[in-house]
Structures are given as C-alpha cells and as structure tokens.
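Each protein sequence line maps, in turn, to chains A and B. FYI, in the working numbering the residues of the first sequence are 1 to 298. FYI, in the working numbering the residues of the second sequence are 1 to 358.
Possibly wrong hints are sitting among the right ones.
[To be verified] Below, computed lysine-lysine pairings styled on PhoX-like, alpha-carbon distance capped at 20 Å:
| hint | chain 1 | residue 1 | chain 2 | residue 2 |
| --- | --- | --- | --- | --- |
| 1 | B | 94 | A | 213 |
| 2 | B | 94 | B | 129 |
| 3 | A | 234 | A | 74 |
| 4 | A | 74 | A | 260 |
| 5 | B | 103 | A | 213 |
| 6 | B | 94 | A | 218 |
| 7 | B | 54 | B | 211 |
| 8 | A | 161 | A | 74 |
| 9 | B | 65 | B | 185 |
| 10 | B | 263 | B | 307 |
| 11 | B | 65 | B | 94 |
| 12 | B | 130 | A | 213 |
| 13 | A | 218 | B | 130 |
| 14 | B | 129 | B | 112 |
| 15 | B | 65 | B | 54 |
[What the hints assert, rightly or not] Just the calculated beta-carbon pair ranges, DEER-fashion:
| hint | chain 1 | residue 1 | chain 2 | residue 2 | range |
| --- | --- | --- | --- | --- | --- |
| 16 | B | 16 | A | 289 | 44 to 50 Å |
| 17 | A | 191 | B | 25 | 31 to 37 Å |
| 18 | A | 290 | B | 304 | 56 to 62 Å |
| 19 | A | 290 | B | 125 | 32 to 38 Å |
| 20 | A | 209 | B | 319 | 54 to 60 Å |
| 21 | B | 21 | A | 110 | 31 to 37 Å |
| 22 | B | 136 | A | 112 | 34 to 40 Å |
| 23 | A | 289 | B | 111 | 31 to 37 Å |
FYI, nobody ran anything at the bench for these hints, they're computed from the structure. Treat the numbers as computed from the prediction; the structure is a model and nothing was measured. We treat Cβ as the ideally placed atom computed from N, Cα and C, and that holds for glycine.
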Amino acid sequence: MSERIKRKGKIPVNIIMLLPTNIIILFLIIIPTILVIWFSLVNFQPTFGINFWQSKFVFLDNYFKILMDDEFVKAVIRTVYISLICLGVEFTIGLLIASILTGNIHGKKILYPLLIIPIMIPPIVIGNNFWLIFSANGPVNQIISIILNTEFKASWFSHPKYAIIPIILSEIWHWYPLTFLILFSGLVNISTSEIRAAKILGATEWQLSWRIKFPKLKGIITIALVIRMMEALKVFDVVHLLTHGGPGTRTQTISFYLFKYGFKYSRISYVSAGAWIILFISLLGFSLALRSVLVERK
Amino acid sequence: MPALVLNNISKRYGDVQALDGINLQIQDGEFCVIVGPSGSGKTTLLNIIAGFTKPDDGEVTVDGKPYNQLSPRDRNIGMVFQDIGLFSHLTVRKNISFGLEIKKSSKKDIDKRVEEIADRLKIRKLLDKKVRLLSGGEAQRVAIGRTLITNPSFFLFDEPLGNLDANLRVEMLTEIKRLHLHLKKTFIYVTHDQEQALSAASRVMIMKDGKALQKGPPREIYNNPIGKFVAEFFGVPSMNLIDGTIIPEEDGSLFQGAGLNVKVKGYSQSKKAEVTLGVRPTDVVVGNQITEDGFGTINSLELLGDKNQIYLTLEQEKSIIAVTSPEVRPELEERVKIKLKENRIFLFDRDQGGRLYP
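Okay, chain B solo, but in the shape it has when bound (with noise of 0.2 Å):
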C-alpha cells in the first residue's frame, strides 16, 4: 500500500496555475524526488504535503487517512528547508531538542535522544555553539537532527543542498542517501538540480509549470523521455535538440538540419515535416574513420580524464555536444566526421515537444 497519495492536487494563485491536477503515489520507504524548473510548482507541492499550504482542489491522504484538515502540527513530517531556518536565538543542541521539549518529554530521554543524533550526524561537538556560528554544511546536519528527534514517519526536503558548494552538496547528498538507507522512512526531495535526482532517487517526477511530466525511474526517464522539455533537462550534460526536417524515404526517414543528414529507419511517415531531434552527448561519435552524418568543427575541448567533453559547432552555428572516451583525441578547430548512433535517436515534433520517435 502507497504510504503518501497525491489524488488530483491543484493550486491556484490569482492567474498562475501554480498546481494542474497532480497525482503521485509514493511507497512507504521510497526516496522520490521532484525536480522542476524554478517556478514549476515543486515547492508549493512540497508546502501542502506539509500541510502549510492548502489544495483548492485535490486530497492528499498518509495510509489511507486524510490529511488535507491537519494542520503541519499533527502530520508527524519532517521538514528541512532551503534555507535552513534553524532557530538562530539557540543553541544546536536546543535547536534537535526542540521537537522533544514542546512535547514535555523528560530531560533524560531528551538528553539521550540528542546525543544519539549528534552522533550519527557528527555534529557532538558542536552541540553548544551558537547556530550563527556555524558553517553551511553543520547548520544543513543540524537541521536534519533538529527533524530526526519526533522520528516523524516522512521527510521532506526543500532544495536542501541549494545554499552549499559543490563539494559540500555531494557530501551532504551522500549523508542524506545513507540516512535514507539507515532509516527506511519515505523521503521526498526537491530540487531543480537534476543531477541530485539522478544519482539519489528510487524515482523521480519531472514537473513544469504545475504540471506533473513524466514519473519513474531515473534511468527509465533518462532513456525514455516522454517529450523534448524532459529530454532537454533530464541529463548532464543535457541532450543536443537539432531542428531540422524529416523526409519521407523507401526504408524509413531522412532528417537533414544543421547541416546534418541522419538516416532513421525505424520511423516512417508520408509527408515532409518539421521536426527536433535529440540525441544523448555520449551518443554522438567523432572521427575521422567512420561514415558520416555531417562535419562540425570543434569549438572547444574539455579533457577530463575519463572522458572528452568536446563542443562543436555544426551549420548555421548550431552548437552540440560530444562525450567521447578520452582515446579520441581531436584538434581544437579540427573540421571532423560525426555520426549520431543509429538506435539512440530520439525525435520529438517541433512546436508541441510530443515524442515522435521512438
């Protein structure tokens, strides 16, 4: 049985449809996470989990309850914030007991509960301080503490990673996938960084502009996007779209843009058409010894050890993008050979960013 659904959830601000009809069942000790362009809805979403914000429309139940009449109090969620919102009046160990104290618990056990997250976050050290002093990565494990003490049955989390470095965000993320393993609780996350989906979720749901795109599997979105704006976003680097058109042929389709001519066998149609195709980096190969779609000239070489990144501009100044295995060693300005693998070609229709093949 789903631990949290979404029946139907939509939300109206004045003239901006903040939320369209979304629907999502999550597993009791699912990591799922919501990634969207800003301004897509993910948070608002987020905020009538949690119970802040209220549906015009749509029910939001826990195991079958409703929830859409509890007030965040009485929802035994666990909240961390994008920007953090630790109680800067206290200190971190007062800022994790917080949960335990307005609930009148004894001093012993609120003692021993936060000295056992202090622990498993390695923040025990900094359990005195002032939270003004510290740092962004121990103010994020101290907000996570500060949720884990009322051992809430879900945890949401909105673009927690946002305000830290690069560095740190890969630190922080892996934290929150091994608390996610110790825990076995469901956990929702936000972000608009795709990248933290892909490597935390179990599954992911791609919004845009309060509408629910794709749901699933990183991976079975990432090799199967329902349309050109999830293709575009899902992935890193994100997916080369070529406009350009296709031409019906005996054994298939020609697609000829930027000066590329790409042979698609398996689609098949009866009139010329305006069309976008998209092909994964990694599946763009570069060469001088193969039979070519088309030539582009390379605009720009990033040699990072385990594989090229290589940029190159093809006609009419269209820019992609090459991952190649760091064998392939190209000449800046070099006019080379490229040739879209066959199988991995995906074709989306112009204007409506449907997915046409395959």
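The following block holds chain A by itself, in its conformation from the complex (with noise of 0.2 Å):
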C-alpha cells in the first residue's frame, strides 16, 4: 500500500499541493461556465440599467433571439467560409512542403526552421504587417500597378467584396507551419520498408501516395484539420486589426460579433446564448470527426 501524507486534524499535503491550480480553474474556467450558463438563461443587460441582480430569468428566448439575428447567422456562415477557405489551403501547402521535405533536397536543415517562423510571430505582429502590406501605398497595390501598367491604389480595408482577402491570406500565412509540421510528423512515420515494398513492386509516385501514404495519412489529417478548424473558427486578432468587421459587417467573425455585442453594447445575455449555441455546433462537429478516426484504431 502506497505511503500517504496524512496527519490527523490536518489537511492533507495532496490536496494542499493541488490546491493553487484549483482555485485558477475554478476561477477562470468554472465560474465563468457557470455564469454564462446562467447569464445566457437571463435578461442581463448593464446598459439598459438592468442589474445582474435584477435580470428576470426568460429561459431560452436569447437563444431564439440570437438565431433569428440575421447578422449572427452570417457571422457564422462567414467564419465557417473562411476557415474551410484556410483550412483547404494550408493544407494544400503543408503537405506539399512536408512532401518535399521527405525527400532529399540540400538545406533541409534551414529551411525547416524559416519554414516554422510564421506560426511564432504574435498575431498583432502579423496583423499590423498585412496592414502595411495591404495599404494604399503598400507593397501589393504597388506590384498590381506595375503588372497593370497603371496606377492602382485599391483600399483593400474598405471594400465590401475583397477586405476578407487580407484576412484570409494574413490566416493562411500565420497557421500553414501547424498544419505543415503535423503531416511531416506523420510523413516521416511511415516505414521506408513499406514504401520501398511499393515502390519495387510497381508503384508509381502517385499511387505511393494514393494507396499507401494517404491512407495511413487519415488519422493525422482528421486530427491536423481538428485542431486547424478549432483555431480557425475562433479568428479575431487580424479582424480586429485590419477591418474592424468592416466595411459594414463585411468581415465579421464569430468571435469579433461576439467581442462587439458583449463587450461594446454590453448584451451580456445575448452573447452568452450565442458563445453556447457555437460551442455546441463546434463539439458536435470535432466529435464527430474524432470519432472516425478512433473508430478506424479499433
């Protein structure tokens, strides 16, 4: 029997020890659960001078409310359009730089980590970067001009059409290393033995890659795209910076209408209903992704 810290009239060591973590989940993660549960179940509303203690419980009319909001529904269609956008891709490009890092080119050793670099630049860095790229004087106004032969001063920001371009290019460039490093995790575990038993029996590049590698790749890729999408529904940094979900509503995300009516207009309870009604769509989503890959491990 294992020997435990134990005196009597006395707290335990253990749970002494545990105890500081505990109060942090508890504070940032539990109460905070808890009150959205309750606030998104009530009519908390500060700026209409109704008082967390004076909210009157309406059970699930913010939910109705917030579905029928025509400008939440496209926030979400919009995050999901620009994340599948992201998510395709990044994914394109990871597994075709992991695919030529497999093989043997000269300066793996320093193009892998220039490769990584994206991924370890803050997002406010990279924000204020495609700002600047994007500008009317910036860099890429400048090289249409001059493939155009004319002068172009586009404002990317403020187009109703083309102020999701900077966004999505900015996403793509800060997250395709996750994407990269995870399939180049996963390339480089399949044995040479089977990919030198298909190759002296016949295959050719491609259906190596068809028949052998993707396959075995279908785990890793479920769980990469996982993980991608995760990050990818929650962007708000480059909106914030960039567009302010504009011009309009134009480019606004999920979490940049969420940002906006729970902390700028104060409808506490309204956003609450919405943060549930995501993360409920998101869970069923990842759950049932993950479980055609346990599934396929069985």
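If you follow the hints, you should be able to join the two separate chains into one complex; please do so.
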C-alpha cells in the first residue's frame, strides 16, 4: 500500500499542493462557465439599466433571438467560409512542403526552421504587417500597378467584397506551419520498408501517395484539420486589427460579433447564448470527425 | 550466362567506405547468400541491386542489360525486408494483391493469383485478417506472398528472419529453400547469421568493411578459409584461434602457444614468427590414450546427445572448444590430454590475418 502523507486534524499535503491550480481553474474556467450558462438564460443587460441581481429568468429567449439575428447567422457562415478556405489552402501548402522536405533535398536544415517562423510570430505583429502590406501605398498595390502598368490604389480594407482577402491571407500565412508540421511528422513515420516495398512492386509516385501514404495519414490528417479548425473558428485578432469587421459588417466573424455585442454594447445575456450555440455546433462537428478516427483505430 | 553481374561496385558515405569494389556474378537460379557482420555493407549492396541506392562507381547488369539507371519499379525484383514492411492499413489479401492491383489487372486474375499464392504459403485462412493481427511467422509468409505476385525474375531477402525466434527461423528458412526449389529463380539472401548461410546457400559471399573477402560454395569456404576472419566467422561453433610462435625444425615447424606444442610437418620456414593457429572444434581430440599436444582443464560440458561440446581452458587462460563423439565422457574440472588433428590445422599471420598454411 502506498504511503499517504496524512496526519490527524490536518489537511493532507497532496490537497494543499493541488489547491492553487484548482483555485485558478475554478476562477478562470468553472465559475465563468456557470456564469455564462446563467447569463444566457436571463435578461442581464447593464446598458439598459438591468443589473445582474435585477435580471429575470427568460428561459431560451436569448437563444431564439440570436438565432433569428441575420447578423449573427451571417457571421457564423462567414467564419465557416473563412475557415474552410484557410484549411484547404493550408492543407495543400502543408502537404506539399512536407512531401518536399521528406524527399532528398539540400538545405533541409535551414529550410525547416525558416518555414515554421510564422507560427511563432504574435498575431498582433502579423496583423500589423498585413495592414502595411495591403495599405493604399503598400507593396500589394504597387506590384499590381507594375503588372497593370497603371496606377492602382485600391483601399482593400474598405472594399465590401475584397476586404476579406487580407484576412484570409494573413490567417493562411500564420497557420500553414501547423498543418505542415503535423503532416510532416505523419509522413516521416511511415516506415521506409513499406514505401520501398510498394516501389519495388511497381507503384508510381502517384500510386504510392494515393494507396499508401494518404490512407496511412488519414487519422493524422483528421486531427490536423480539427486542431486547425478550432483555431480558425476563433479568428479575431486580424479582423480586429485590419478591418474591425467592416466595411459595415462585411468581415465580421463569430468571435468579433460576440466581442462587439458583449463588450461594446454590453448585451451579456445575448452573447452568452450565442457562445453556447457556437460551442455546441463545434463540439458536435469535432466529435463526429474524431469518432471516425477512433473507429478506424479499433 | 550469369543472370546478375555486379561489376566493381563502390559506395561511400562521408568518411565511411560502405562498399569497396565488389564484384559478383550470380548464375540464373542460384541461391546466393551474402554474409557478414553488421556494418559490413551487405544491406547497402542489396539496396544497390534493388535500385534504392545509387552506387558511386561500378555497374549492375541483369541478363546483359545495364540496371544502374532503372528505378526500383522497373527492375522486376521481389524483395523481403528485415522489418517485413507489410502495408499495415490493408488486409492480408490486399497486401498480396497490391502488385497486381497497381498494374490494373482484372479482378478475376488477381483473385485467382492471390488464392494460388495463399495455398502455396498456407495462409489461405489469414486472407481477410488485418496484418496488424498476424504473428511474426505469418507476417513473414505474407511478405513473401506479396513479392511472389508480380512474378519477379529474382528475389532479394534482407535479413528476413532476424526478428523471429529460433524455431520459427528454422521453419521459415526451410520454407524459403523449398520456394527456391519450386520457383527455380535467383535468390539473393543477406544475413549476418552464417548458420543460415551454410544450410541454404549454393554460393556464399563473405563481406567485411565493404570488401568481399571470399566467395564460393559454403563447404569450400568452411574447409578452405582464405584468412583468419573468414575462418573464425564461418562455422558453428567458431574455429579455435590460438596465438603463439612458430619455430623452424628439421622436418617442418613447431607451434608453441597456450601450453601447446604442435608439430606442423608441412610448414617450413627459416625463422621464428608470431602466428595464430586455427583449428575447428571438431578437429580437437580429447582423451587419455593419445599422444598429446598439450593439456587442458574442462571448464564446462554440453552433452548434446549426438555430440559433446567441451569447453577447455589451456594455459594463459586461453579457452577453446572441442566437439567430440558422445562416447568421450570426461569429467568437469578434469585435466585432459589434447591433440589437434594434424592435417586439419591452419596457420594465420597474426597481424594481417592472411593464411600461411596449408
């Protein structure tokens, strides 16, 4: 039997040791979660003069209201749309680089750290960089001017259709190293014998990828996509820095929407309901995706 | 005409000379075993034959055609890997059929061929299993089956039995030998275990440090080793090697070392020299009714039924092994007379390892 550090009338040491962490978790996760559940079911709205203790229980009213809100639904659709584009492009780039780096090429040792730099840069720096790149006198406009041979001075961030492009590009640039790293680790883990066996049996490079590498990477690809999707659904920093959700609400994402209504307009109950809806949808999606991986493993 | 010719193959990795001018001609239908300690370059050689590694120098030709520029895919080779390398996401059936499926053969042909192979290798029951669930021996059979399907013109085995336990190893080796008899194709088999080489090969190449030390039928190498390394490496148990001095005499020479005085009649030279004497364990006679070359104390005894394996300690703590008939019944710790069979003695140069006698 293991020895327990326990004396009569005293709190056991193990509980004391774990206490600080548990207090942090309690205040940062458990209490806020309970509060958000509570907020989402009442009509707490400080700007309307309704204080926390005065708020009334309204049951699912907030949920119905936010689901009927065109702005919210559009923000959700927009976020999913941005995420899917980012995911698709990042996945392609990541896989391409990973395949190249698993081959026999020179300068691997230099390329490898260079390629993962973006993921180590703080979002605010990336946001500011892309703001400069796409500003009226920035390099993007100048390059287009040279190509078109006329002066080109688009204001990207206030264009209703194209304002989303800098946001998507900065997200892709920031996060492609993640998919690249995950796919790379998957690729290098495929045993050389299996690849050689396929080659010697007559498989072309294409057949090798399609019949051996991809099926073997299926699990890791799903995990890469889920991790990246979680990150993409939270996209906020660049939106805040580049467009502020504008022009109008044209580049508003879920997190920006919730931020705006929650912290600017103080409609706490309203956005709490929205947050729960998002959480529910994401959990459903991710558990379905991960289940396919787990079933495969059995 | 030889089926496979290796002409002066060399390969260097940084400072290491992995292969140093290997020449080998393998006849059609031969079972050739390449044997050597780890790091001797035998797997590199196999990878060059398969096309996974490009030689720095030299040429591989098959039936007169140059193979250097061909990719592994176009070489029509079957290969079994040391770590087996089955496609772990596929079933046994899909593993075996892989070679035909990528060639887009008809489903009927594939099924027929897979069942044929499964019957030959006695793995029909396993066909729909996931390869993850196979035992070591089963996986090895599937790996062999997978190479059979494309009907390759020759087969490469890279230490295929390294991961199996002793009993299974013997069984699989028998299986591979039977396969060779049946297919009548060229087999090239790499191993560090010379017991396998002895029993399977029609020809053996012994490698060390990227060089081919000796080539020939296993019997010939056993009876006629070119130097100290081959002599010690080839044969179970290893040849006894005793360091000593050779002294010229009127009718030959006298070897002195570890308390032994051995007359070597056929060897004559003018002055004393430092040499190593080699004698196979089966050529060491132990007993009391013999004119002895020296004495030894019995250290350990293995009575194996059909033979006795006796571990003896000579002077200067030198240990040797003697293999005798079961009738010889010495006691442990007993001091016995030792005689080395006269015409079965080898003398090697102590430093260079080259053979001096016979």
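Here's how the hints hold up against the structure:
1. 94/B with 213/A: Roughly 15 Å between the alpha carbons, so the hint for residue 94/B and residue 213/A holds.
2. 94/B with 129/B: holds (10 Å)
3. 234/A with 74/A: The given pair, whose Cα atoms are some 15 Å apart, holds under the 20 Å limit.
4. 74/A with 260/A: Roughly 15 Å between the alpha carbons, so the hint for residue 74/A and residue 260/A holds.
5. 103/B with 213/A: holds (18 Å)
6. 94/B with 218/A: holds (18 Å)
7. 54/B with 211/B: Holds. Residue 54/B to residue 211/B sits at ~17 Å (cutoff 20 Å).
8. 161/A with 74/A: Between residue 161/A and residue 74/A the Cα gap is close to 14 Å, so the pair holds against 20 Å.
9. 65/B with 185/B: Holds: residue 65/B and residue 185/B sit about 18 Å apart, inside 20 Å.
10. 263/B with 307/B: violated (27 Å)
11. 65/B with 94/B: violated (32 Å)
12. 130/B with 213/A: holds (17 Å)
13. 218/A with 130/B: With Cα atoms ~17 Å apart, residue 218/A and residue 130/B stay inside 20 Å; holds.
14. 129/B with 112/B: holds (18 Å)
15. 65/B with 54/B: holds (16 Å)
16. 16/B with 289/A: 44 to 50 Å: Since the Cβ atoms of residue 16/B and residue 289/A sit about 47 Å apart, the hinted range of 44 to 50 Å holds.
17. 191/A with 25/B: 31 to 37 Å: Because 33 Å falls inside the window, the suggested range holds.
18. 290/A with 304/B: 56 to 62 Å: Holds: the Cβ-Cβ distance is about 58 Å, inside 56 to 62 Å.
19. 290/A with 125/B: 32 to 38 Å: holds (35 Å)
20. 209/A with 319/B: 54 to 60 Å: holds (57 Å)
21. 21/B with 110/A: 31 to 37 Å: This hint holds: roughly 36 Å between Cβ atoms.
22. 136/B with 112/A: 34 to 40 Å: holds (36 Å)
23. 289/A with 111/B: 31 to 37 Å: The hinted range 31 to 37 Å holds for residue 289/A and residue 111/B, with Cβ atoms some 35 Å apart.
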